[in-house]
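S.K.: Whenever a hint applies, use it, and build me the whole structure from the sequences.
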Amino acid sequence: MQVFLIFMSAILVNNFVLQRFLGICPFLGVSKKIDTAAGMSLAVIFVMVLASIITWLLNGLLVLMGLEFLKTIVFILVIASLVQFVEIFLKKTAPALYEALGIFLPLITTNCAILGLALLNIQNNYTLIETIFNALGAGFGFGLALILFAGIREQMEFADIPKPFQGLAGTLITAGILSMAFVGFSGMIKL
Amino acid sequence: MIMAKLPEELSNGMFKNNPIFIQALGMCPTLATTTSATNALGMGMATLAVLIMSNVVISLIRKIVPDKIRIPVYVIIIAGFVTMIDLLMHGFLYDLWKTLGLFIPLIVVNCIILGRAEAYASKNGVFKSILDALGMGLGFAGALLLLGSVREILGAGTWFGLPLWGDAFNVFIMILPPGAFITLGLLVAGLNWIGISKEEKRKQKEKEAKAAAQAAEKAGA
Chain A
1 MQVFLIFMSA
11 ILVNNFVLQR
21 FLGICPFLGV
31 SKKIDTAAGM
41 SLAVIFVMVL
51 ASIITWLLNG
61 LLVLMGLEFL
71 KTIVFILVIA
81 SLVQFVEIFL
91 KKTAPALYEA
101 LGIFLPLITT
111 NCAILGLALL
121 NIQNNYTLIE
131 TIFNALGAGF
141 GFGLALILFA
151 GIREQMEFAD
161 IPKPFQGLAG
171 TLITAGILSM
181 AFVGFSGMIK
191 L
Chain B
1001 MIMAKLPEEL
1011 SNGMFKNNPI
1021 FIQALGMCPT
1031 LATTTSATNA
1041 LGMGMATLAV
1051 LIMSNVVISL
1061 IRKIVPDKIR
1071 IPVYVIIIAG
1081 FVTMIDLLMH
1091 GFLYDLWKTL
1101 GLFIPLIVVN
1111 CIILGRAEAY
1121 ASKNGVFKSI
1131 LDALGMGLGF
1141 AGALLLLGSV
1151 REILGAGTWF
1161 GLPLWGDAFN
1171 VFIMILPPGA
1181 FITLGLLVAG
1191 LNWIGISKEE
1201 KRKQKEKEAK
1211 AAAQAAEKAG
1221 A
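Residue numbers (the numbering used here), protein chains in the order written: chain A, 1 to 191; chain B, 1001 to 1221.
For lysine-lysine, the following DSSO-like pairs were computed, each having C-alpha atoms within a straight-line distance of at most 30 Å:
{"id": "1", "chain 1": "B", "residue 1": "Lys1016", "chain 2": "B", "residue 2": "Lys1123"}
{"id": "2", "chain 1": "B", "residue 1": "Lys1203", "chain 2": "A", "residue 2": "Lys163"}
{"id": "3", "chain 1": "A", "residue 1": "Lys163", "chain 2": "B", "residue 2": "Lys1016"}
{"id": "4", "chain 1": "A", "residue 1": "Lys32", "chain 2": "B", "residue 2": "Lys1016"}
{"id": "5", "chain 1": "B", "residue 1": "Lys1210", "chain 2": "A", "residue 2": "Lys163"}
{"id": "6", "chain 1": "B", "residue 1": "Lys1198", "chain 2": "A", "residue 2": "Lys163"}
Since the hints were made in silico from the structure, they are not lab data. All values derive from a computational prediction rather than experimental measurement.
M.R.: Right under this line is the structure:
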């Protein structure tokens, strides 16, 4: 039950993009079309789960050696090399999946949602199972926000927006309105 | 004019290529930590400190680092300085450290810092890199402070914790996440509007000058 609550909370109540402000760059950058948004979301879910498991295990090692203060440095290096490794691995073994996710993978290294998630798992003292579900929830939450937003932006292409609001300004305000919808979930799950 | 007096390296980041309003980099900390002016200033200063130190070191070692592994090297240097700032803030500014929380270690993945390392410090001398870091960092901190002030004043009726009008007028949503998106959106739109109206005025003037020149030509003929 606890695991399910963590999962739902990461999707809706503490949505990574709209409530925690993690991963805003891809959210604003790769949300022009639903297809690309879906590809990006899949890549993020994949890397989030892998990175969470590996960083959780590594943190155990760091705690054993009394080197917890190094976790930011270790995590960012692990995530960067993990993304590279996944890219090479997918290219060799699953070319179809690589075609779909390939261009998004390098972008993920600098995605603060991944490092943020890894640090949050440690901060909240999650067990390995809880960590995996938190990562799944965070990934799906990211995907939900990204795809919803891409849908809105596809419609906005046809709208007649006043000149100062075209581009970044209009995008941000739309994101604000979407975020308002997610505020409605706040307080529903208290962990 | 203030801009004319400042060296090019400094004014570039503060105004012309402001990381937030023009380049739209580093959006996550911008939106997340501007719930109050104090938090915004704290985040801005922490980022400024990391940016200056990483620019100095990267500029110093720019000729030694092999081109192929430069990005991982930069990331380790930045992560080292971020850890230092994290520990320092934990020691001396505990309350601020607690409210900023996750976003202090996340300075590592702030694209402004890696962006300046790659685009500027790896190609220029130490002194110029410091100026560039100062300009970009102050531009970032200034934008954060502006956003944080607007949100705190409208949302809580205080500024740096000082009560302005108490509970008489509060738009609570400004402190919540949607307020961050909407305030930044409106600020960017305002800047766009100023830019557009300036451009139009310039065109209008050009048109008038042309018309005047033509009239003068006709009169001369």
